[in-house]
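Participant: Below, each chain spelled out in residue letters.
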Amino acid sequence: FLSKKTKHHKPCKTLVLYFHDIIYNGKNTANATSAIVTAPPGYNLTILAGNFHLGNIAVLDDPITLDNNLHSKPVGQAQGLHMYDTKNTFTAWLGFSFVLNTTEYKGSINFIGADPTLVEERDISVVGGTGEFFMHRGIATIMTDTFEGEVYFRLRVDIKFYECW
Amino acid sequence: FLSKKTKHHKPCKTLVLYFHDIIYNGKNTANATSAIVTAPPGYNLTILAGNFHLGNIAVLDDPITLDNNLHSKPVGQAQGLHMYDTKNTFTAWLGFSFVLNTTEYKGSINFIGADPTLVEERDISVVGGTGEFFMHRGIATIMTDTFEGEVYFRLRVDIKFYECW
Amino acid sequence: FLSKKTKHHKPCKTLVLYFHDIIYNGKNTANATSAIVTAPPGYNLTILAGNFHLGNIAVLDDPITLDNNLHSKPVGQAQGLHMYDTKNTFTAWLGFSFVLNTTEYKGSINFIGADPTLVEERDISVVGGTGEFFMHRGIATIMTDTFEGEVYFRLRVDIKFYECW
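Residue numbers (my numbering), protein chains in the order written: chain A, 1 to 165; chain B, 1 to 165; chain C, 1 to 165.
If you are wondering where the hints come from, they were derived from the structure by calculation, not from laboratory data.
One or more of the hints may lead you astray.
Identical copies look the same in the list; a pair holds intra-copy or inter-copy alike.
[Said to hold, decoys possible] Taking lysine to any residue pairs in the SDA-like style, the calculated list, with each CA pair at most 25 Å apart, reads:
| # | residue 1 | residue 2 |
| --- | --- | --- |
| 1 | Lys106 | Thr89 |
| 2 | Lys10 | Asn69 |
| 3 | Lys87 | Asp67 |
| 4 | Lys73 | Pro11 |
Bound-form chain A, shown alone (with noise of 0.2 Å):
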């Protein structure tokens, strides 16, 4: 989804932040960071569904890290839904915010868009922001930085601005 038109733009801000989804597996409920929620008749909440995966709702509670390291000093929170929308591979739609809450970062930033999980970068709307990105658009590209079985995923987005205020 690189545009012809993004050429013409610079961003006049952006940011890069990971975040980290534990997805509760029935037994991990001290670590766990999301769980899902739905899943299509038949299939149970404790594991994403198999041949007909199409219907998984997750609700996030992540933490964000300025690295690649879930034990690093979190910054915020990543909130909101990851709902897994195909049957024959594995895509997503995303409906989050970003919560930051540093001295540095104050305010939080609101995307939603279509994650095809499989792509390498994958590009979403930024719709909105408060506080330190109050009324902020842009877009950002999410990359899987890593992923542990179908527990732990750690993803990197870099945020671009390309509305400032």
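Fit chains B and C to the supplied structure of chain A, relying on the hints for placement.
Facilitator: Then chains B and C, alone, in the frame of chain A:
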């Protein structure tokens, strides 16, 4: 929802597309393009809830076509959620993306808004886009082109961008 | 989330509205305006999940009034979703629309954002609108005006549009 103000604005780009929603009813695994994944307490997932029909969420992966023929070659997929949110009539809330992937259209368009399903033309917001639709905003007018029972719905979407980049 | 930058901007339009959320608890079918439709594994749908309260999604069709009286004549409906997304405190993620239908207000306003429920004033994004609010963007400040147990919540919303058309 026609605004007085729309008269003063001309779209910078328009698109007419159709998408086709076949709800999973427990039997049509091969053809279904969406699944109802939530229901209010006491209802099941393979049919819209009855007289308390508030709370069905459907997850979509619907083919998009250039004309009103389900069997035309898809130009992309409509992915996201469709939520039924009224007790006494049919209204929905939509959060979804058009992911387009042809030589002519390459990019995604992100929508949210209320959909008073029984109104002939309903307007929702185009809140952003990527690729060919980088940073675009506008209005999408949704029309129910046809439906068969509570399984097949064909929607026509007239997309009018008022902010192009 | 008050931004330094908001000081430099004056809204082009403001609105103060209230909406009233009565959660379905299994007994209040006649009065309920929202239903909890998901819960984390192991919880039921008629009460907010307990010590692992991550994952309740509620679907809303709440009346909107001009003052803080549940029994005032509604000017519209708040429709969409309210997601509880934290393990250790109360935070929510909101995706919803105000559908207004009076002689004065005719159109819809679309919101998304994180709602740290225990904070007195929380800002979310107004990402678009239709009709009277065609293409508008802004910030909505949400305040919990009152609540009764875990059933009735009254929210005050101060909508400030910074981009009018």
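Participant: Each hint should be assessed against the structure and marked as holding or not.
Facilitator: These are the hints, each one checked on the structure:
1. When the C-alpha separation of lysine 106 and threonine 89 is checked against a cutoff of 25 Å, the pair qualifies only between copies, where the shortest distance is 19 Å, while the shortest distance within a copy is 37 Å.
2. For the identical chains of this complex, lysine 10 and asparagine 69 are neighbours neither inside a copy (29 Å) nor across copies (41 Å), given an alpha-carbon limit of 25 Å.
3. In this assembly of identical chains, the alpha carbons of lysine 87 and aspartate 67 lie at most 25 Å apart only when taken from different copies (24 Å versus 33 Å within one copy).
4. With identical chains, the CA atoms of lysine 73 and proline 11 are never at most 25 Å apart, being 27 Å at best within one copy and 36 Å at best between copies.
Checked against the numbered hints above, the structure violates hints 2, 4; every other hint is satisfied.
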